[in-house]
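Trainee: Residues per chain, in single letters:
2 protein chains.
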Amino acid sequence: MPEYKAPLRDMQFVMHEVLDSEALYQSLPGYEDATADLMNAIVDEGAKFAENVLSPLNHSGDEEGCKWSDGEVKTPEGFAAAYQQYVENGWPALPADPNYGGQGMPAFLGSVVSEMIGTANWSWGMYPGLSHGAVNTLEAHGDEEQKQKYLTRLIEGTWTGTMCLTESHCGSDLGLLRTKAEPQADGSYAISGTKIFISAGEHDMAENIVHIVLARLPDAPEGTKGISLFIVPKFNVNADGSLGERNAVHCDSIEKKMGIKASATCVMSFDNAKGYLIGPPNKGLACMFTFMNTARIGTAIQGLAHGELSYQGALAYAKDRLSMRSLSGPKNENGPADPIIVHADVRRMLLTQKALAEGSRAFIYFLAQQGDIVHAADGDRAKKADDLLALLTPIAKAFITETGFESANHGVQVFGGHGFISEWGMEQIVRDARISMLYEGTTGIQALDLIGRKVLGSGGQLLLGFTSLIEEFCGANTDEAIAPLVETLGKYKDEWLELSMKIGEAAMKNPDEAGAAAVDYLMYSGYVTLAYFWARMAAVAQAKIAAAEGDTSFYEAKLMTAQFYFDRLLPRTAAHKQALLSGADNLMQLPEAMFAF
Amino acid sequence: MPEYKAPLRDMQFVMHEVLDSEALYQSLPGYEDATADLMNAIVDEGAKFAENVLSPLNHSGDEEGCKWSDGEVKTPEGFAAAYQQYVENGWPALPADPNYGGQGMPAFLGSVVSEMIGTANWSWGMYPGLSHGAVNTLEAHGDEEQKQKYLTRLIEGTWTGTMCLTESHCGSDLGLLRTKAEPQADGSYAISGTKIFISAGEHDMAENIVHIVLARLPDAPEGTKGISLFIVPKFNVNADGSLGERNAVHCDSIEKKMGIKASATCVMSFDNAKGYLIGPPNKGLACMFTFMNTARIGTAIQGLAHGELSYQGALAYAKDRLSMRSLSGPKNENGPADPIIVHADVRRMLLTQKALAEGSRAFIYFLAQQGDIVHAADGDRAKKADDLLALLTPIAKAFITETGFESANHGVQVFGGHGFISEWGMEQIVRDARISMLYEGTTGIQALDLIGRKVLGSGGQLLLGFTSLIEEFCGANTDEAIAPLVETLGKYKDEWLELSMKIGEAAMKNPDEAGAAAVDYLMYSGYVTLAYFWARMAAVAQAKIAAAEGDTSFYEAKLMTAQFYFDRLLPRTAAHKQALLSGADNLMQLPEAMFAF
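Heads up: the protein sequence lines correspond to chains A and B, in order.
For any residue, its number in our numbering is found by taking its place in the first sequence, counting from 1, and adding 106.
For any residue, its number in our numbering is found by taking its place in the second sequence, counting from 1, and adding 106.
Keep in mind the hints are simulated off the structure, nothing from the lab.
Heads up, none of these hints are tricks.
Same chains, same names: a pair is fine if it fits in one copy or spans any two.
In the SDA-like style, the derived pairs of lysine to any residue whose C-alpha atoms are separated by at most 20 Å in a straight line are:
(1) Lys683 to Thr594
(2) Lys425 to Ala702
(3) Lys489 to Leu570
(4) Lys389 to Ser294
(5) Lys389 to Gly281
(6) Lys362 to Ser528
(7) Lys362 to Glu169
(8) Lys362 to Ser166
(9) Lys111 to Met700
(10) Lys437 to Met700
(11) Lys437 to Leu282
(12) Lys425 to Gly523
(13) Lys608 to Leu433
(14) Lys253 to His481
(15) Lys597 to Gln684
(16) Lys331 to Leu428
Could you build all of it, start to finish, from the sequences and the hints given here?
Mentor: Listed below in structure tokens is the structure:
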């Protein structure tokens with residue numbers, strides 16, 4: 107079973123050498139405490155918690171799963187104790203608002219810690235992970251009383267939160283939702299309806315659970331413009347903050363599912379449960395959108411997490427397992443066979459995992475920093491960061507989860523038949539990873555958001571905001587050693603713009619053209635975006651080698667991995683390009699009745 | 107949960123209209139009974155058995171799994187009764203030797219029936235499926251006494267068989283195996299060792315189990331040249347054919363695994379078990395190779411099976427599920443939203459599944475027929491078929507299972523979050539499909555076989571044997587309506603030959619170049635091969651439309667699917683081409699110690 111070791115050297119490389127985090131946070135008001143030393147110290151502590159407390163519970167959690175009985179959910183052995191320790195160590199407060207008990211550290215640092223927690227044990231990480239959604243909602247839209255009553259406890263971690271959006275007949279299309287909210291004489295609302303797929307909807311880890319619920323007021327307009335946001339606590343809360351009586355919200359059942367089995371996925375029924383409006387009436391969806399980017403980056407982390415964990419498992423096995431001889435002659439002459447890492451195709455799989463994980467890490471850390479810039483800066487600086495976030499978040503969410511799933515499968519493949527056997531722990535990673543392309547907006551939904559709302563919706567402006575960064579990078583990096591990468595990146599940047607124009611033109615005549623191109627366009631964009639981050643990493647590595655700073659072999663490995671990425675993964679763009687240029691007809695012409703005979 | 111309906115119209119299209127099976131079998135000695143009518147009647151009966159008996163046990167079998175207790179294995183509820191019915195209806199005898207109780211039907215027809223059985227319930231199909239391996243071994247290498255004693259009962263189906271190859275330290279590299287066979291005074295052998303991953307190694311469906319075991323004689327040379335084949339029955343068999351005492355072969359445990367949970371994957375220990383040599387000493391691996399192609403085509407069927415089943419589930423859901431509006435305006439104005447089949451990206455996923463399943467079916471049926479030609483014809487005709495089999499089998503095994511797994515995942519994706527939930531049955535298909543890229547030789551092993559033994563090993567002759575068929579097809583099909591497909595196919599045929607030459611040249615200088623190109627080369631080859639079969643199907647469809655024969659809409663759907671394949675899937679070759687041309691350095695240069703820091 108892969109035992110997680112936080113790849114601290116790789117993480118620090120991105121945090122400090124590529125993204126120069128200390129300088130960034132010293133320039134952002136409110137984050138002056140976030141020095142490199144403090145950030146490293148926090149990351150080191152997070153690594154210990156992830157490696158020593160959470161990683162050992164990952165496989166047992168999958169085997170045991172959650173158990174539902176009479177409305178209560180028992181999480182796997184050790185989960186509640188680990189959560190207790192998480193709370194005692196103050197982790198829930200790390201990136202939260204100091205006015206309500208938070209430590210005010212950058213959300214970026216929260217993402218770095220989330221990466222380690224999620225890689226060690228994604229299922230466990232979902233319990234505190236869902237609280238982030240509730241915390242963000244309350245920070246942004248709660249009134250002072252709500253913040254004192256709920257937010258402080260969520261930040262403390264003694265209560266956890268949920269996001270109750272989906273109903274059985276609607277997931278992507280929230281405009282169809284039916285849960286009702288009837289105003290009551292005391293200013294509260296009676297919430298009635300059934301929500302499904304509610305992660306952490308019920309469990310045995312915390313004293314109370316704060317549900318954030320999407321519902322309709324009696325006079326609400328139809329569709330997405332008639333949705334409001336409500337707080338519905340599991341236990342009502344008295345004026346002094348103590349717990350009152352049990353609210354009429356119950357967990358009817360938990361889902362049996364492919365993976366993340368230690369995460370309770372609940373059917374929640376609200377039967378005139380007491381709720382409280384957050385934010386303005388009928389603006390619930392807009393309120394949710396304010397932190398949609400955060401939630402999506404959180405899911406992108408899952409792709410990185412599963413890719414990294416699978417890589418760690420596969421690499422250890424590939425060094426250990428003996429099978430056949432290298433095509434170019436024995437490499438382990440005294441042994442009965444060579445370790446499989448000598449075989450080119452095993453290396454292809456390992457390097458694919460490595461290049462995707464390290465590239466995705468740089469991409470995600472960069473995005474998380476843009477979130478902090480939006481939060482702390484203002485004017486043009488905040489606007490630029492917000493634009494980058496808007497464009498890149500759907501790419502990160504969909505591309506990193508799709509490629510993370512691919513990586514998880516390479517890890518199984520490296521193990522051969524043993525990869526299919528539960529005790530090795532590799533197949534669990536595939537099962538756990540599969541959900542990441544579905545929740546928080548499927549790959550298809552992200553792709554429509556990218557091409558429709560972001561690229562075409564901004565008349566190309568958001569895309570130009572990012573390609574100008576690429577252009578700037580290419581202009582500034584003229585070292586001959588990395589010239590082939592820089593030149594290739596520049597060409598792809600031009601092609602990306604061209605393809606975007608072509609889709610835009612086609613979509614003007616036929617809106618289905620945007621939908622027909624969407625996923626291939628997103629994947630194309632993902633490969634080019636990762637090429638940008640790999641080129642940046644290569645440039646840093648090359649500069650360190652030239653200056654003879656640090657461990658040269660570390661930087662050489664970065665250069666070789668960058669070359670692998672440009673040679674063997676980036677060319678996948680060619681397939682996506684041809685597919686998206688082929689137009690909508692080949693998808694739309696087949697009448698529904700002729701799909702099967 | 108997808109309820110399997112055999113796609114009889116599609117199957118007949120390939121059997122008769124594309125591959126003209128009746129004419130083929132009328133031309134092959136021994137197969138004169140195989141008329142179109144008889145074949146259709148058999149397929150119809152097989153469809154009923156698969157749909158009515160096996161399909162209802164697919165999901166329950168996964169949920170229940172197999173249970174081990176004290177060396178015995180209990181298969182899921184209904185499995186043994188279904189097997190009883192299978193035996194009573196004479197299915198095990200279908201393609202077997204009439205001299206030992208078989209019906210002597212083409213193995214091709216056996217593959218068609220296997221497709222239906224496997225699509226309805228892959229786990230169940232593995233029990234009779236493993237018997238095929240034992241039957242083939244005994245037919246080819248058993249002596250008359252062994253055939254009378256064991257083969258007759260396997261063909262009857264009252265006994266089942268296994269193939270005991272893998273040991274915990276060796277799978278792909280069988281040269282390392284350690285199981286011993288000591289000659290005994292009575293001419294038998296005492297077999298000792300432990301085998302793992304033995305499908306159907308123990309179960310409650312049949313009276314006896316005939317294990318075919320790879321082991322080493324005391325004086326055997328090292329490596330693959332010192333392996334012999336033995337029959338080891340679970341119960342010894344008396345001279346009169348009755349069951350004698352229990353042999354010293356036992357099931358120590360069954361594996362907990364990702365999927366195919368209703369198929370017992372056994373650890374088998376042989377403790378001086380009585381065994382009988384089949385074939386000449388030390389030639390066991392060579393004997394196995396005589397039907398390796400059959401076993402690999404059998405696994406290719408799994409890719410088709412899971413792709414087809416996932417397509418059936420996803421198509422039904424896509425017509426039913428309402429979410430959002432078509433980008434080009436509402437298609438279901440009176441409903442709250444449109445069925446998701448109106449969305450271009452959902453269609454992209456469905457058409458990918460459809461094009462892969464239908465193309466793979468044509469590919470597999472064609473290959474199965476080549477096997478019958480090898481068996482029944484002689485001289486140049488048999489040689490040509492054997493050459494085609496040699497080249498195309500590794501492509502079929504790896505490409506169809508890789509793309510079958512992709513298809514299974516598209517099916518989950520079409521369901522959104524529901525796809526991850528067990529009760530819908532879609533995630534099971536992904537879990538079941540995952541093993542197909544691992545057993546019977548991983549994708550990497552198939553790829554080395556293709557580029558090394560087959561393409562370069564024959565000096566390109568095997569490849570030219572197939573490309574000449576493509577050339578012939580292109581020359582003979584000049585109908586303007588399919589000219590774009592034919593022209594494209596011809597270009598790819600040329601490029602395939604070119605790429606093969608380039609890899610050959612590079613591998614002469616550095617053998618690792620073959621390994622570095624192998625999987626991308628195999629996938630490239632797979633896409634071109636499927637393009638050939640899609641072009642053939644399109645040509646037939648176009649001819650039928652031109653002649654106004656049959657249901658035009660059926661043939662139009664074939665043309666549209668062919669166009670989709672050429673527009674959106676075949677371009678994936680561009681990515682594989684660039685990757686394989688990038689050479690071995692980007693895979694081999696990173697020292698083992700620099701994969702992680």
